[in-house]
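J.: For reference, the chains in residue letters:
Protein chains: 2
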Amino acid sequence: MDHNHDKSKLISSAVVNRLPRYYRYLTDLLKDDNGRISSRELSKMMNVTASQIRQDLNCFGGFGQQGYGYNIKQLHSELGRILGVDRGFTAVIAGAGNLGKTISKSNLFIKRGVTLKALFDINPDVIGTQIAGFTVLDVRDAVNYCRENKIDIAVLTLPKDETAPVANMLAEAGVKGFWNFSNMEFRIEMSDAVVQNIHMGDSLMTLCYNLNSK
Amino acid sequence: MDHNHDKSKLISSAVVNRLPRYYRYLTDLLKDDNGRISSRELSKMMNVTASQIRQDLNCFGGFGQQGYGYNIKQLHSELGRILGVDRGFTAVIAGAGNLGKTISKSNLFIKRGVTLKALFDINPDVIGTQIAGFTVLDVRDAVNYCRENKIDIAVLTLPKDETAPVANMLAEAGVKGFWNFSNMEFRIEMSDAVVQNIHMGDSLMTLCYNLNSK
Numbered sequence: 002m003d004h005n006h007d008k009s010k011l012i013s014s015a016v017v018n019r020l021p022r023y024y025r026y027l028t029d030l031l032k033d034d035n036g037r038i039s040s041r042e043l044s045k046m047m048n049v050t051a052s053q054i055r056q057d058l059n060c061f062g063g064f065g066q067q068g069y070g071y072n073i074k075q076l077h078s079e080l081g082r083i084l085g086v087d088r089g090f091t092a093v094i095a096g097a098g099n100l101g102k103t104i105s106k107s108n109l110f111i112k113r114g115v116t117l118k119a120l121f122d123i124n125p126d127v128i129g130t131q132i133a134g135f136t137v138l139d140v141r142d143a144v145n146y147c148r149e150n151k152i153d154i155a156v157l158t159l160p161k162d163e164t165a166p167v168a169n170m171l172a173e174a175g176v177k178g179f180w181n182f183s184n185m186e187f188r189i190e191m192s193d194a195v196v197q198n199i200h201m202g203d204s205l206m207t208l209c210y211n212l213n214s215k
Numbered sequence: 002m003d004h005n006h007d008k009s010k011l012i013s014s015a016v017v018n019r020l021p022r023y024y025r026y027l028t029d030l031l032k033d034d035n036g037r038i039s040s041r042e043l044s045k046m047m048n049v050t051a052s053q054i055r056q057d058l059n060c061f062g063g064f065g066q067q068g069y070g071y072n073i074k075q076l077h078s079e080l081g082r083i084l085g086v087d088r089g090f091t092a093v094i095a096g097a098g099n100l101g102k103t104i105s106k107s108n109l110f111i112k113r114g115v116t117l118k119a120l121f122d123i124n125p126d127v128i129g130t131q132i133a134g135f136t137v138l139d140v141r142d143a144v145n146y147c148r149e150n151k152i153d154i155a156v157l158t159l160p161k162d163e164t165a166p167v168a169n170m171l172a173e174a175g176v177k178g179f180w181n182f183s184n185m186e187f188r189i190e191m192s193d194a195v196v197q198n199i200h201m202g203d204s205l206m207t208l209c210y211n212l213n214s215k
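Chains as they are written, first to last, in this note's numbering: chain A, 2 to 215; chain B, 2 to 215.
Source of the hints: derived by calculation from the structure; they are not laboratory data. Note that CB positions come from ideal geometry on N, CA and C, so glycine has one too. Do not rely on the hints blindly, as some may be mistaken.
[To be verified] Computed, partial: chain B to chain A, Cβ under 8 Å: (1) Val17; (2) Leu20; (3) Pro21; (4) Arg37; (5) Cys60; (6) Phe90; (7) Leu100; (8) Leu109; (9) Leu212; (10) Asn213.
[To be verified] Some chain A residues near chain B, calculated using beta-carbon distances under 7 Å: (11) Leu84; (12) Asn108; (13) Ile111; (14) Arg113; (15) Thr116; (16) Gln197; (17) Ser204.
[To be verified] A few chain A positions that, by computed beta-carbon distances, are all more than 12 Å from chain B: (18) Ile38; (19) Asn124; (20) Val127; (21) Arg141; (22) Ala174.
One chain only, chain A, in its complex shape (with noise of 0.2 Å):
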């Protein structure tokens, strides 16, 4: 099961921040076409040149021929593979306000092998209440919820001065990454926990930046 474990390792966080864009192109192409694609196709498609994407693809093993190009499904479900889709992590939602809730219905975990399982909320108004199918829950009962099913990602959509705190309890309680969109660092006690900001914020920032310098 664990095979691409290794091979993972070996590659550098510049080819692992491309993985995530190559696996949705071949997710696209993947709806017309079960064939082959060229680095060269690619490279036009996804406006990088051909060389990278060889040099990138190579890392994980070289799925393509010399002259017949990558194999879609093939080179699709290796990329999952080492993307984890195949690994069937569990997710639970911290914070049911519009952010969470709009997450809850988006098809962004399905997509990527992700089963949300649980959405929480401290907000007595809000627990009990029927969102995307998930009654929600209080946030108090979150650290035995994911404790007893062994939830691995906590996305965290509370209000700033709540996520530090919950995402220490939840990491106490066995969860290993966390989704944060609070737009703040915080740090995990747990070493081994895995953090992934969404800055909406700063991403507004930059985008004004580029437009004040142009």
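Assemble chain B onto chain A, guided by the hints.
T.: Frame of chain A, contents of chain B only:
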């Protein structure tokens, strides 16, 4: 008015990418304190070296005084100017689905000096409804609206297939900045437009990769 223009040209993209984060920390600091902060204190807070902070902030004039640290209010205000917070940028949201609604109800814009002016949608059932104090307008009227109101930024929360055509229409209507949530790249024919992508799906995949390679 434009005295920061030339200065900002000299700032490397690595520094630019760190600017929104400095601005965020300074905004938080400003809530409690109008005094000074040393690069060492800021370093501890932001988990970067004091030397990097001094180098970064020196790029736009060096507000620190040896031994006295930085004047929080002055630095915050200068960073804000560089980031265009005082430019009074205006924005519209194209796509009033769950994500567009959530963004329209957030304080993302107001906190960064951007004024949200209108919401557009393609769905006749949504057009005419009230969201966050706005009456949702028909996306077919967006070109005229953006031209007449000199809109700077369009937030793209449309279905994938609609994103590129609408963005290109709006670019022709003078919109210069695109904040793209469609999780796909597109090209703007007008060469001077700026696109800032938020790839939520890619972010989740990176988290899964990191969990998978643990």
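J.: State for each hint whether it applies.
T.: Hint-by-hint comparison with the structure:
no., hint, result
1, Val17, "holds, 6 Å"
2, Leu20, "holds, 6 Å"
3, Pro21, "holds, 4 Å"
4, Arg37, "violated, 23 Å"
5, Cys60, "violated, 13 Å"
6, Phe90, "holds, 6 Å"
7, Leu100, "holds, 5 Å"
8, Leu109, "holds, 6 Å"
9, Leu212, "holds, 5 Å"
10, Asn213, "holds, 3 Å"
11, Leu84, "holds, 5 Å"
12, Asn108, "violated, 9 Å"
13, Ile111, "violated, 11 Å"
14, Arg113, "holds, 6 Å"
15, Thr116, "violated, 12 Å"
16, Gln197, "holds, 4 Å"
17, Ser204, "holds, 5 Å"
18, Ile38, "holds, 17 Å"
19, Asn124, "holds, 16 Å"
20, Val127, "holds, 15 Å"
21, Arg141, "holds, 25 Å"
22, Ala174, "holds, 16 Å"
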